[in-house]
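J.: Okay, here's what each chain looks like letter by letter:
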Amino acid sequence: MNKLLTTAALLAIAVGASTVAASARDQVQVSGSSTVLPYAKIVAESFGETYPDFKTPVVESGGSGAGIKEFCKGVGEGTVDIANSSRPIKESELKSCADAGVKDVQEVRIGYDGIVFATDIKGPDWALSPKDVYTALAAQIVVDGKLVNNPNTKWNEVNPALPDWEIAAYIPGEKHGTREVFEEKLMTAGCKATGAADAIKKLGLDDKAAAAACVKVRKDGKAVDIDGDYPETLARIDANKTGVGVFGLAFYENNADKLKVATVDGVVPSTETISSGKYPVSRPLFFYVKKAHLGVIPGLKEYVDFFLDDQMIGPDSPLVEYGLVAAPDAERKAQRDAFAAGTTLK
Amino acid sequence: MTDIALNPAAPASARPARRDIGLKRRYAAERRFKLYGITAIAIGIFFLLALLFSVFSNGYTAFWQTEVRLAINLDPKIIDPDNKRASDPNVLLTANYPILARNALAEKLGVPTTDKPAMRELGKLFSEGVRGQLRELVAGNPSLIGTTQDVWVLTGADIDSAFKGQIDLGVDQERRKVSDRQVEWMNKLKSEGAMAQRFNTGLFTYGASSRPETSGLGVALIGSLYMMLIVLCLSLPIGVAASIYLEEYAKKSRLTDIIEVNINNLAAVPSIVFGLLGLAVFINFFHMPRSASLVGGLVLTLMTLPTIIIATRAALRAVPPSIRAAALGVGASKTQMVFHHVLPLAAPGILTGTIIGLAHALGETAPLLLIGMVAFVANNPVTPLDPSTALPVQIYMWANEAERAFVERTSGAIIVLLIFLAVMNITAIILRRRFERRW
Chain G
1 MNKLLTTAAL
11 LAIAVGASTV
21 AASARDQVQV
31 SGSSTVLPYA
41 KIVAESFGET
51 YPDFKTPVVE
61 SGGSGAGIKE
71 FCKGVGEGTV
81 DIANSSRPIK
91 ESELKSCADA
101 GVKDVQEVRI
111 GYDGIVFATD
121 IKGPDWALSP
131 KDVYTALAAQ
141 IVVDGKLVNN
151 PNTKWNEVNP
161 ALPDWEIAAY
171 IPGEKHGTRE
181 VFEEKLMTAG
191 CKATGAADAI
201 KKLGLDDKAA
211 AAACVKVRKD
221 GKAVDIDGDY
231 PETLARIDAN
241 KTGVGVFGLA
251 FYENNADKLK
261 VATVDGVVPS
271 TETISSGKYP
281 VSRPLFFYVK
291 KAHLGVIPGL
301 KEYVDFFLDD
311 QMIGPDSPLV
321 EYGLVAAPDA
331 ERKAQRDAFA
341 AGTTLK
Chain U
1001 MTDIALNPAA
1011 PASARPARRD
1021 IGLKRRYAAE
1031 RRFKLYGITA
1041 IAIGIFFLLA
1051 LLFSVFSNGY
1061 TAFWQTEVRL
1071 AINLDPKIID
1081 PDNKRASDPN
1091 VLLTANYPIL
1101 ARNALAEKLG
1111 VPTTDKPAMR
1121 ELGKLFSEGV
1131 RGQLRELVAG
1141 NPSLIGTTQD
1151 VWVLTGADID
1161 SAFKGQIDLG
1171 VDQERRKVSD
1181 RQVEWMNKLK
1191 SEGAMAQRFN
1201 TGLFTYGASS
1211 RPETSGLGVA
1221 LIGSLYMMLI
1231 VLCLSLPIGV
1241 AASIYLEEYA
1251 KKSRLTDIIE
1261 VNINNLAAVP
1271 SIVFGLLGLA
1281 VFINFFHMPR
1291 SASLVGGLVL
1301 TLMTLPTIII
1311 ATRAALRAVP
1321 PSIRAAALGV
1331 GASKTQMVFH
1341 HVLPLAAPGI
1351 LTGTIIGLAH
1361 ALGETAPLLL
1371 IGMVAFVANN
1381 PVTPLDPSTA
1391 LPVQIYMWAN
1401 EAERAFVERT
1411 SGAIIVLLIF
1421 LAVMNITAII
1431 LRRRFERRW
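Chains as they are written, first to last, in my numbering: chain G, 1 to 346; chain U, 1001 to 1439.
Chain U on its own, in the form it takes in the complex:
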């Protein structure tokens, strides 16, 4: 603008300058803006990569667990010293299985079983979870008693961390959780091929445990699955019904305006508020069980509803009025118009909104804290009324553990959660691409 003001001051004899339309300035502005955009994206990508790098570099080791192969002699003298197993099946359940593993290991390493201090250290080489593992083996097939079985047994969490190089072996042995002798044994077993990392199926099947090596996401996966089913079954029909009514039937009035404002408001309410509501209504008033995925699902339903309603209304609004007019014109009733024409056309948008709402609900921890789902739950839930946890809750709980081995598990669980979220979001995008119609 200032250029124009300056021009009259130029000598009149000069050739009339080309009218300045600010072309240079505008190109520069465009280049600048592109640069801003690229910088913004670069910053975003940088942080995303930093996040993914930190999660994956910490977490990929969680999918492998160190195990040791032992030739375990299922000695009837230890399992069933009084030879009562025929009359009392409980004997097989309460037998001292860890001793069997310890003896097998002592034999392999050539340590005399009379050396008590060595036995104590040796006992830490494998997980206490061996009790359950051998119990299952023997109780499932009692005829194995008296034979020698080759079994892969989980190592203790500290040995696992040391094997993966996560414990600094340079410091004094008093200051770390594995002794020099254990490291020596570990290296010996490793060189013999009897100790190796194997795929960690336990991460997906075990419930919560105080021992890192036998703790897994089993309970959390089941709990999250139940909650997602409940959220889907409740919030989809309720949300779609509400939006169809508001969009197609309700007359615009002050009341619908108030409802609309409230729905938009609810979508922005912090999720902890829904937890408080769930505690007051579902647990204290309806006396539903604490820590149950049913209550979690109901709370998350409340939280997801506004998202689904907003997405559905937008999808319904995107269907051109000409389609409605045409349907009504050929004699369809209003309900036929909605269900035969408008709803199918809006379906991709509704599904996308629903999946994004579900993904949001899957990653939520705060509302679950108050209804008792941030808890130590070891038994797999059978029905939605049993206590359970959820994936993000398990991440939160593991992040607060003291043992080193839980660090990789925390990141491992985050990877599992990220994969679930990615699958859901990709499904949403595919559905939209495949069924979307443009007018």
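Looking at chain G on its own, in the form it has when it is part of the complex:
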């Protein structure tokens, strides 16, 4: 018994000692958005291959919110250096960062991501507009000047040009960064276009509540929140051939033999139409760098420089090939300059 106790104690001490002895971290640690993850992985891998002196960065996956939370834990080797995000960092998150000692955060915009609607490959062609999306999926719509619970059950009731399909839409769940783009670019736009926004305002709600009412999705099972990633949405479409799913452009392009993409406002989504701004549903992708770690964690500055280089995010780069929409030349240069100058978020 005594021997056992001593052994256990020794083991505990050994474990404790080995962590103290753990010397400086020698690779970059990244966390955050699962949308940015595939891009970050490509960059991390090429970085490891191009710079033999540095180890390949470790890229965690967990979502924008979780990543930023981890990022804002504080400064030091035990915390991550970079948070990937598919949405801009929030005021409240920046504040909690500052409270934990992460005062200087550098924002880097890497490019744009398109959000597309797609149906099974064998289905007919689809042409959607924000108005259709709102009329089909909103919790409340305007009928004869009055706000009523959404009565539509088929797509052709929404718009006669659409097929005679039961409404079944698989949209990103509320924890997804994609959801915000969906709400902002489709639901809010559709809310205004159908006149529902005015009807909601008449109810006497304040601006914030009215905006929230506009993006409210119906909860009667016709619009299904998908909390997993795009493969899950694809599986739903496989199972329900008359379902409509929301995907990232890159995911759609990788599975174009199974999916048919819908036009929005008559524009076919592609890297060209998104970078020119014609296709309306897109969003910028970001990552945030902890300035205090620059020069401390080996390879961090080089990794960010490498990420911003045209050979990674330029028009003819591996990220664009994967599905990222490159930012215009001037914007890419501005991002490089801002990072080099050390501009931090206020």
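Any given hint could turn out to be false.
What follows is a list of derived Cβ distance ranges for each label pair [claimed, not checked]:
no.	chain 1	residue 1	chain 2	residue 2	range
1	G	Pro151	U	Leu1049	44 to 50 Å
2	G	Pro328	U	Thr1094	53 to 59 Å
3	G	Asp238	U	Leu1169	16 to 22 Å
Covered, in the sense of this in silico footprint (three residues per stretch, anywhere, with C-beta under 8 Å from a C-beta of chain G), are these stretches of chain U [as the list claims (entries may be wrong)]:
no.	region
4	1035-1043
5	1105-1118
6	1276-1290
7	1369-1375
Residues of chain U placed beyond 12 Å of chain G at every Cβ, according to the derived structure [said to hold, decoys possible]:
no.	residue
8	Ala1029
9	Asn1090
10	Leu1093
11	Gly1129
12	Arg1131
13	Leu1144
14	Lys1177
15	Val1178
16	Lys1190
17	Thr1205
18	Glu1260
19	Val1269
20	Thr1352
21	Leu1385
22	Tyr1396
23	Val1416
Note that these hints are calculated values from the structure, not bench results.
On a predicted model such as this, the values are computed, not experimentally measured, just so you know.
Quick reminder that beta carbons are idealized off the backbone N, C-alpha and C, glycines included.
Go by the hints and put chain U onto chain G.
T.: What follows is chain U alone, placed relative to chain G:
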């Protein structure tokens, strides 16, 4: 029961009926129950087979990878244009190796290297991983420069999927990842025997990669191995010590009751809770490195401990008191009694519990998410302090990938995990059969 109540109503003249003991009813009940049992087992087997079928039918192709045989001319003019390799060894590391493979392929297919669009498509036929492969070859033996080497090179993931028939070639070529021209080249190489499926050793040696063809379970296997070692080294002694004390030494009191309730409770706590604990204690308080298999092992140890303690206590309790009494009777001390007699007899039960606990820990992902082990890790970990992943984590990450080629890899990884679990569980059963004693 109602029969008995009815009997007195029967005419008295009739022959007294044989006493009804419900034999028919009871046989029927037995038959029914057997049927229920068989149905239950059939349902279980059906779902097991469905699972195994879906995993194996999707996953067996992952163990073979399409490769193309190229006669690569290791042209010094391309590898080392300025002839500086004697003074600067870095030249061999940064040379443009993919060009060599592309030229070799172009020559084989008879495509002029000046045809730029064709070269772009041709370049996608083989994997970008050729860079590392040729670099290793040349850096390991610089005298090969200038010679022509026959090398099997991995094809690109899309070509691999097309070769295995996983891409629907019936649809328009705009809608798929391989062009008609690439399919034509592929078929030509296939008929010449220069493109074939070979055993995929990379699946077990490569780390994570954004390219499906060069991604493998290497990092995950090492990480899982480290974690299992840590779990075994920590949870077995701690768990056995705790159970021996509770079972053999501690007096039954309110305190031991509370401890017992807590242990049983902990065994049922969702594993994510242990992840939260690990994040708060090991990373935030003890400042251990993120994503390290050491932290993962510690978290899984905490998770496995209750299972091991419960199994060990049951095994100790199963040793008959007569053995304890006999040992004490011949003058053994209590510690001698425990270590010389009770523990060896309980060992098979303890081992079984430990292996089942380990198998449980091997398949766990949720607690690893919070300590940063659900991550893209390309470098093989050397010590438990280096970042790594684990087998179930790799399955989870691959399941979320967009490329078609990751579908088979996901199932392939599940097969590897299932084999590990089966081996561990079979070991547990064999150990139990071999050493079990009945009294």
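J.: Now look at each hint and say whether the structure bears it out.
T.: Here is how each hint holds up against the structure:
no.: 1; hint: G/Pro151 x U/Leu1049: 44 to 50 Å; result: holds, 45 Å
no.: 2; hint: G/Pro328 x U/Thr1094: 53 to 59 Å; result: violated, 31 Å
no.: 3; hint: G/Asp238 x U/Leu1169: 16 to 22 Å; result: holds, 19 Å
no.: 4; hint: 1035-1043; result: violated (count 0)
no.: 5; hint: 1105-1118; result: violated (count 0)
no.: 6; hint: 1276-1290; result: holds (count 7)
no.: 7; hint: 1369-1375; result: holds (count 4)
no.: 8; hint: Ala1029; result: holds, 41 Å
no.: 9; hint: Asn1090; result: violated, 8 Å
no.: 10; hint: Leu1093; result: violated, 6 Å
no.: 11; hint: Gly1129; result: violated, 10 Å
no.: 12; hint: Arg1131; result: violated, 7 Å
no.: 13; hint: Leu1144; result: holds, 21 Å
no.: 14; hint: Lys1177; result: violated, 7 Å
no.: 15; hint: Val1178; result: violated, 10 Å
no.: 16; hint: Lys1190; result: holds, 21 Å
no.: 17; hint: Thr1205; result: holds, 16 Å
no.: 18; hint: Glu1260; result: holds, 20 Å
no.: 19; hint: Val1269; result: holds, 21 Å
no.: 20; hint: Thr1352; result: holds, 21 Å
no.: 21; hint: Leu1385; result: violated, 5 Å
no.: 22; hint: Tyr1396; result: violated, 9 Å
no.: 23; hint: Val1416; result: holds, 20 Å
Checked against the numbered hints above, the structure violates hints 2, 4, 5, 9, 10, 11, 12, 14, 15, 21 and 22; every other hint is satisfied.
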